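Novice: Sequence:
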Amino acid sequence: MGRTGTWKEEEGEELSEEDIQLRTELEMLVERLKESNTDLYRPALETLRTLIRTSTSSMTSVPKSLKFLRPHYPELQKLYETWPASEDKSLFADTMSVLAMIYSDTQPRGTLRYRLLSASLRPADSPLADPGTWGREYVRHLAAELGEEFVAQEEGDLEPPEKGKEKIEPIGTIEQLRAIGRECATFLLAHNAEPDAADLLEELELVDQIADLVDDVTYGRVCQYWSSPTDRLWDARCRHLLPFYHGVPLQVQGGTVDGCIQTHQGASLVDKAYPEARVTVQWGFGHRMDQMYPNWLGLQYWEY
Numbered sequence: 001m002g003r004t005g006t007w008k009e010e011e012g013e014e015l016s017e018e019d020i021q022l023r024t025e026l027e028m029l030v031e032r033l034k035e036s037n038t039d040l041y042r043p044a045l046e047t048l049r050t051l052i053r054t055s056t057s058s059m060t061s062v063p064k065s066l067k068f069l070r071p072h073y074p075e076l077q078k079l080y081e082t083w084p085a086s087e088d089k090s091l092f093a094d095t096m097s098v099l100a101m102i103y104s105d106t107q108p109r110g111t112l113r114y115r116l117l118s119a120s121l122r123p124a125d126s127p128l129a130d131p132g133t134w135g136r137e138y139v140r141h142l143a144a145e146l147g148e149e150f151v152a153q154e155e156g157d158l159e160p161p162e163k164g165k166e167k168i169e170p171i172g173t174i175e176q177l178r179a180i181g182r183e184c185a186t187f188l189l190a191h192n193a194e195p196d197a198a199d200l201l202e203e204l205e206l207v208d209q210i211a212d213l214v215d216d217v218t219y220g221r222v223c224q225y226w227s228s229p230t231d232r233l234w235d236a237r238c239r240h241l242l243p244f245y246h247g248v249p250l251q252v253q254g255g256t257v258d259g260c261i262q263t264h265q266g267a268s269l270v271d272k273a274y275p276e277a278r279v280t281v282q283w284g285f286g287h288r289m290d291q292m293y294p295n296w297l298g299l300q301y302w303e304y
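The numbering of the sequence shown is UniProt numbering, which starts it at 1 and goes up by one.
Derived by calculation from the structure, the hints in this document are not laboratory data.
Please note that the accuracy of each hint is not assured.
[What the hints assert, rightly or not] In the EDC-like style, the derived pairs of lysine to aspartate or glutamate whose C-alpha atoms are separated by at most 16 angstroms in a straight line are:
#1 Lys64 / Asp19
#2 Lys67 / Glu25
#3 Lys34 / Glu75
#4 Lys78 / Glu31
#5 Lys67 / Asp105
#6 Lys67 / Glu18
#7 Lys64 / Glu27
#8 Lys64 / Glu25
#9 Lys64 / Glu137
#10 Lys78 / Glu35
#11 Lys67 / Glu27
#12 Lys67 / Glu14
#13 Lys64 / Glu18
#14 Lys64 / Glu14
#15 Lys34 / Asp88
Here the structure is a predicted model, which is why all the values come from computation and not from measurement.
Let the sequences and hints guide you as you build the complete structure.
Specialist: Written out as structure tokens, the structure reads:
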């Protein structure tokens, strides 16, 4: 599946006894959430979340728990709306955020919507758990929806496609989107997904904050990803990447920018953007100094 893909149950698939037992248990838990006895809600939600989390920790195959819960998703949505605000409802919304991945084809950005709802119902002294607790594919899916929603709000693309329909309401504020984006980026950087983290931070216009998220290993990988191809990097639309190229290695490497600038155009842009800098900048990446001719720059090292 892709970043915002969906899962569909294969027709005629034979279920093992283990699968049948899982489906039966999931259906029983769904029924408990419909009971009038509210004391059943928390245990049912915790068990449901455990079963989902176990199967979604690795997305190498279609998660059976999500597949079996797909037919129940519409009724769970209606049930959620009937619950009063509470910590139990926050857990319910957090669970729905995961289930929403299986309906993203017909109900876009449901994962993001339910995560924000869950966070809004939490007590001030008990914030929502990190999105990484649901696994890498959940974080990737959430990150994709964050990017889509951010672009829609920034470009004003929330108008209904047809006249007569209600206006599409934004999902959260820009600051809320960015806060979740930082959480997702932190997780992705820690799990060898630097390109995904870099793309997300660029989409949310948070490049200037990546210096606080990378370490002496991940910064080099992000730098390498953003510096190839160079034609993309130094496009006029990518000028917001300059603070990263100038600032991150300085903070991590203690004063030397090693390998962040590969082209004459890039060097000129940094020269104009940071005339007040008082550091020595070493140009070249991966022994590519042969691409930076001395007659372009005057010196192998630039002193500001």
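Novice: Which of the listed hints are broken here?
Specialist: none
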